[in-house]
Amino acid sequence: MAKSTGKSLVIVESPAKARTISKFLGGRYQVEASIGHVRDLPEGKKDVPDKFRDEPWAYLGVNVDEGFEPLYIVPTDKKKQVSKLKAALKEADSLYLATDEDREGEAISWHLHEILKPKVPVHRLVFHEITKEAITSALEHTRQIDQGLVRAQETRRILDRLYGFDMSQLLWRKVGSGTSAGRVQSVAVRLIVQRERERIAFVKATYWDIDAVFQTASNESLPATLTSYDGKRVPAGKDFDPDTGKPTKKNLLLLDEQQTNALAERLRNSQFTVSKVEVKPFSERPRAPFTTSTLQQEANRKLGFGAKRTMTAAQKLYENGYITYMRTDSTTLSKEAISSARSLVGSVYGKDYLHPEVRVYKGKVKNAQEAHEAIRPAGTTFRTPESIRGELGPDEFKLYDLIWKRTVACQMADAKKQRISVSIEGGGATFTATGTSILFEGFLRAYVEGSDNPEAELADKERLLPNVRQDESLDAKSMDPKSHTTQPPARYTEASLTRTLEEKGIGRPSTFASIIGTITDERRNYIFKKGNALVPSWRAFSVTRLMEEHFGTLVDYQFTADMEDFLDSISRNEGGAEEYLRRFYFGEDAKPADHTEADHNVALKPRLEKKLEEIDPRVTARFLIGKPSEGEHREEVFVRVGKYGPFLEQGERKAPIPEGMPPDELDLARAIELLDAGQVEDEPLGTHPETGKPIFVKVGRFGPYLQLGEPDDPEKRNQSLLKGMAVEDLTLEMACKLLQLPRTLGNFPDNDKPIQAFDGRYGPYVKCEKETRSLPDGVSPLEVTLDEAIKLLREPKRRGRAAPKEPIKVFEKKSPVTDGEVKVLDGRYGPYVTDGDTNASLPKGTDPKELSFEAAIDLLAERAAKGGSKKKKKKKATKKKATKKKAAKKKSAKKKTTKKKGVKKKA
Numbered sequence: 001m002a003k004s005t006g007k008s009l010v011i012v013e014s015p016a017k018a019r020t021i022s023k024f025l026g027g028r029y030q031v032e033a034s035i036g037h038v039r040d041l042p043e044g045k046k047d048v049p050d051k052f053r054d055e056p057w058a059y060l061g062v063n064v065d066e067g068f069e070p071l072y073i074v075p076t077d078k079k080k081q082v083s084k085l086k087a088a089l090k091e092a093d094s095l096y097l098a099t100d101e102d103r104e105g106e107a108i109s110w111h112l113h114e115i116l117k118p119k120v121p122v123h124r125l126v127f128h129e130i131t132k133e134a135i136t137s138a139l140e141h142t143r144q145i146d147q148g149l150v151r152a153q154e155t156r157r158i159l160d161r162l163y164g165f166d167m168s169q170l171l172w173r174k175v176g177s178g179t180s181a182g183r184v185q186s187v188a189v190r191l192i193v194q195r196e197r198e199r200i201a202f203v204k205a206t207y208w209d210i211d212a213v214f215q216t217a218s219n220e221s222l223p224a225t226l227t228s229y230d231g232k233r234v235p236a237g238k239d240f241d242p243d244t245g246k247p248t249k250k251n252l253l254l255l256d257e258q259q260t261n262a263l264a265e266r267l268r269n270s271q272f273t274v275s276k277v278e279v280k281p282f283s284e285r286p287r288a289p290f291t292t293s294t295l296q297q298e299a300n301r302k303l304g305f306g307a308k309r310t311m312t313a314a315q316k317l318y319e320n321g322y323i324t325y326m327r328t329d330s331t332t333l334s335k336e337a338i339s340s341a342r343s344l345v346g347s348v349y350g351k352d353y354l355h356p357e358v359r360v361y362k363g364k365v366k367n368a369q370e371a372h373e374a375i376r377p378a379g380t381t382f383r384t385p386e387s388i389r390g391e392l393g394p395d396e397f398k399l400y401d402l403i404w405k406r407t408v409a410c411q412m413a414d415a416k417k418q419r420i421s422v423s424i425e426g427g428g429a430t431f432t433a434t435g436t437s438i439l440f441e442g443f444l445r446a447y448v449e450g451s452d453n454p455e456a457e458l459a460d461k462e463r464l465l466p467n468v469r470q471d472e473s474l475d476a477k478s479m480d481p482k483s484h485t486t487q488p489p490a491r492y493t494e495a496s497l498t499r500t501l502e503e504k505g506i507g508r509p510s511t512f513a514s515i516i517g518t519i520t521d522e523r524r525n526y527i528f529k530k531g532n533a534l535v536p537s538w539r540a541f542s543v544t545r546l547m548e549e550h551f552g553t554l555v556d557y558q559f560t561a562d563m564e565d566f567l568d569s570i571s572r573n574e575g576g577a578e579e580y581l582r583r584f585y586f587g588e589d590a591k592p593a594d595h596t597e598a599d600h601n602v603a604l605k606p607r608l609e610k611k612l613e614e615i616d617p618r619v620t621a622r623f624l625i626g627k628p629s630e631g632e633h634r635e636e637v638f639v640r641v642g643k644y645g646p647f648l649e650q651g652e653r654k655a656p657i658p659e660g661m662p663p664d665e666l667d668l669a670r671a672i673e674l675l676d677a678g679q680v681e682d683e684p685l686g687t688h689p690e691t692g693k694p695i696f697v698k699v700g701r702f703g704p705y706l707q708l709g710e711p712d713d714p715e716k717r718n719q720s721l722l723k724g725m726a727v728e729d730l731t732l733e734m735a736c737k738l739l740q741l742p743r744t745l746g747n748f749p750d751n752d753k754p755i756q757a758f759d760g761r762y763g764p765y766v767k768c769e770k771e772t773r774s775l776p777d778g779v780s781p782l783e784v785t786l787d788e789a790i791k792l793l794r795e796p797k798r799r800g801r802a803a804p805k806e807p808i809k810v811f812e813k814k815s816p817v818t819d820g821e822v823k824v825l826d827g828r829y830g831p832y833v834t835d836g837d838t839n840a841s842l843p844k845g846t847d848p849k850e851l852s853f854e855a856a857i858d859l860l861a862e863r864a865a866k867g868g869s870k871k872k873k874k875k876k877a878t879k880k881k882a883t884k885k886k887a888a889k890k891k892s893a894k895k896k897t898t899k900k901k902g903v904k905k906k907a
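The sequence shown begins at 1 in UniProt numbering and counts up by one.
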């Protein structure tokens, strides 16, 4: 047995957090990292221990027949770290579990306790920020592991596994591979699909008004808009029905272009007078300090950060002691934080900008998992952003700056503004000019919140009007008729989706980043981005329809919110997990009257078995676009979601839908165009002079291409068009040239081997044996000459694996995990850091030469915790060695039948 060192072992999640805490604890403590979760449910049946592999529930990793008992295993990539922690514990006098203070952190502490089986005193160490004061206070106020939080996390994990695994298997069979379902994921996709449906159903309306510019007596310009004429009000966008495009109110002035031009002409010569000037003062108060959700929203609006990018930067700021814990629903600030913020207001902006009383923000904290203070700069004295700029990466600095300003602004004085409205009358018409002026900036001096609606944000900005008085005469300088078209509801952005999920009580702020990451994963092909907007694919439409029609409860917004509330009640020791899971998964014949959650009698398992036979994928994957009323083809037009992507179908006619086309842009007229274009493919462009085969122009999922030979010709071949080529400009001569690719230009004098010109995935290039060189911009593979190719091939290769480049940076210290060399390399997709076992890309904007060793280790640990980007190891076993290895495995297998190692079933 190892001899005690008299030290206490402190375990946190990440190396960065371990380093920061070590600064405050001193030599009596040894701080180590678990690097995330150390135990979890098996990823699949292959990870299940042999003893349980033949059980019917093995694929779930949850024994649904015995009280929904979870089966926990230590993942292979965590075994080395667990061994390291066990060795450290043998030399310790006490153990402090200092994982995060939310449910996930509590669960990690519990799993560590179960695995390490400590024989020394154990303390749960929790803190909201990583500062000396906070750590010292936490050491004086340790507690036991909160079993309520642990049960809540475990129930959530089991519920997500039951929902996700079984529903995903059905989707794979009925929709296609790569599809998946999830308790919050499926509801989030439904929200985005529902918004696209609203956009598809939206009927545009056009209305006209007049923009005028008047000249005051002091020769200042006063812009105004026509609001009424002859007693009739000019409509606005809100006055039209989005489903019909018709006005919703009577007695509106509905003008067409001709009528508006005629009215503008009449009004140009009219006399105008100011009929009314209204000045309304108002105040604007600062928003509350950041919660997880509002931080994600604001970082998306102001910085363009996705939820994942925001949380990655926030995690680094927290672990390195710059901000308080970043997973919170609370808007409360501690007394020390309020004091620091108010002190900064006085010193930085002046006493006039300080609110006379302490501002207190109250938010509804429904769940016990979240921290009880808002996100703010750490410590009792907030460090200014500029004072730590050199210590932070680009993303961390921008986010810290945002958090600092928002926190300070929350204790500042109200902004004093006034809204001015000027009515101008003449010729039977009324024009209105509106403006906003700021009388006192107040908190706006430090912080202005962003908006999801650019028009609303514009309306909030200061717009100054010239001084005019009632009855003042004005001259009309210009009268410009202007048309307006009503706009469909805006698509969700990451910010607005996060806000909606939070408002509906779906999911938790700490999970929003992973949810958005899941639904935008290219492998699932559910959601893609158009600018900042989230656009659903037709596959998302298909999955959502299947869920709505056959598993409506599971994607019902209120049901999902109620489920979240029940999971929260478990953390407060108010709910029974096993009975809830049983009714959710197996169901029961009658709903008991004494259960408040009786409506959650979903009976998922039997329902899935029944629906497997009922669901017809041809129905759920078919969407009506419309039926033409004229033309040769009068059949209904459908979108069908096929195995290889969506396509159009009209009777026997079919055509692919261009990649990246949003569903709301595919109306009947556009669908007919695509179908007609698709039929042109049946007519050959001409006949190839050498082979005698027809040449067809086809349109595929990734754009137009050429096909040499009939569709049933086993020797037919395809050739993509070059970048920038248009189908309408394609001639038979050009098609024949394209089909020559790859072109043989001649032999390379240096080795007498042929040189060929290609058009590849990453652009045109020339090749001689294994040597390749990209063609310069403007040089076509159809026109490049032998001399040009020889010159290119003789130039040194700029990128590629054939000539490994020198590392950008090599660190002196070795990796604490692999004991290997840590270095920064220049890869195909940018710089990355490696320890010989794990690779991790550098964040955008990071200078690879300035990367510190600590930051490099953090990146590698973060990547390893996600179980990704492991370098493949070469196999170098001879036949003799392979036989020995096989024999050894058999021997090992016998041992495993009597003794399981690294596998722990929940006690």
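These aren't lab readings, by the way, just hints derived from the structure by calculation. Wrong hints could be hidden among the right ones.
[Stated by the list, open to error] Subject to a maximum C-alpha distance of 27 Å in a straight line, what follows is the list of computed BS3-like cross-link-like pairs (lysine-lysine):
no.: 1; residue 1: 849; residue 2: 814
no.: 2; residue 1: 504; residue 2: 482
no.: 3; residue 1: 814; residue 2: 797
no.: 4; residue 1: 46; residue 2: 504
no.: 5; residue 1: 90; residue 2: 23
no.: 6; residue 1: 7; residue 2: 51
no.: 7; residue 1: 398; residue 2: 302
no.: 8; residue 1: 753; residue 2: 698
no.: 9; residue 1: 723; residue 2: 813
no.: 10; residue 1: 132; residue 2: 7
no.: 11; residue 1: 174; residue 2: 610
no.: 12; residue 1: 84; residue 2: 174
no.: 13; residue 1: 80; residue 2: 813
no.: 14; residue 1: 797; residue 2: 45
no.: 15; residue 1: 849; residue 2: 308
no.: 16; residue 1: 7; residue 2: 117
no.: 17; residue 1: 823; residue 2: 849
no.: 18; residue 1: 80; residue 2: 46
no.: 19; residue 1: 610; residue 2: 204
no.: 20; residue 1: 84; residue 2: 46
no.: 21; residue 1: 504; residue 2: 308
no.: 22; residue 1: 246; residue 2: 232
no.: 23; residue 1: 416; residue 2: 362
no.: 24; residue 1: 504; residue 2: 530
no.: 25; residue 1: 753; residue 2: 737
no.: 26; residue 1: 753; residue 2: 767
Okay, the hints, checked on the actual structure:
1. 849 - 814: holds, 18 Å
2. 504 - 482: violated, 39 Å
3. 814 - 797: violated, 32 Å
4. 46 - 504: violated, 38 Å
5. 90 - 23: holds, 23 Å
6. 7 - 51: violated, 39 Å
7. 398 - 302: Measuring from Cα to Cα gives roughly 10 Å; hence the hint holds.
8. 753 - 698: violated, 35 Å
9. 723 - 813: At roughly 47 Å apart (the allowed maximum being 27 Å), residue 813 and residue 723 break the hint.
10. 132 - 7: Within the cut-off at roughly 19 Å; holds.
11. 174 - 610: The hint holds at about 14 Å.
12. 84 - 174: The hint is violated at about 46 Å.
13. 80 - 813: It holds: about 20 Å lies between the C-alpha atoms, which stays within 27 Å.
14. 797 - 45: Violated: residue 797 and residue 45 sit about 46 Å apart, past 27 Å.
15. 849 - 308: holds, 25 Å
16. 7 - 117: Roughly 18 Å separates the two Cα atoms, so the pair holds.
17. 823 - 849: Distance of about 11 Å is within 27 Å: holds.
18. 80 - 46: holds, 20 Å
19. 610 - 204: violated, 43 Å
20. 84 - 46: holds, 26 Å
21. 504 - 308: holds, 21 Å
22. 246 - 232: holds, 17 Å
23. 416 - 362: It holds: about 23 Å lies between the C-alpha atoms, which stays within 27 Å.
24. 504 - 530: Distance of about 25 Å is within 27 Å: holds.
25. 753 - 737: holds, 23 Å
26. 753 - 767: holds, 10 Å
Hint compliance for this structure: hints 2, 3, 4, 6, 8, 9, 12, 14, 19 are not met, and every other hint is.
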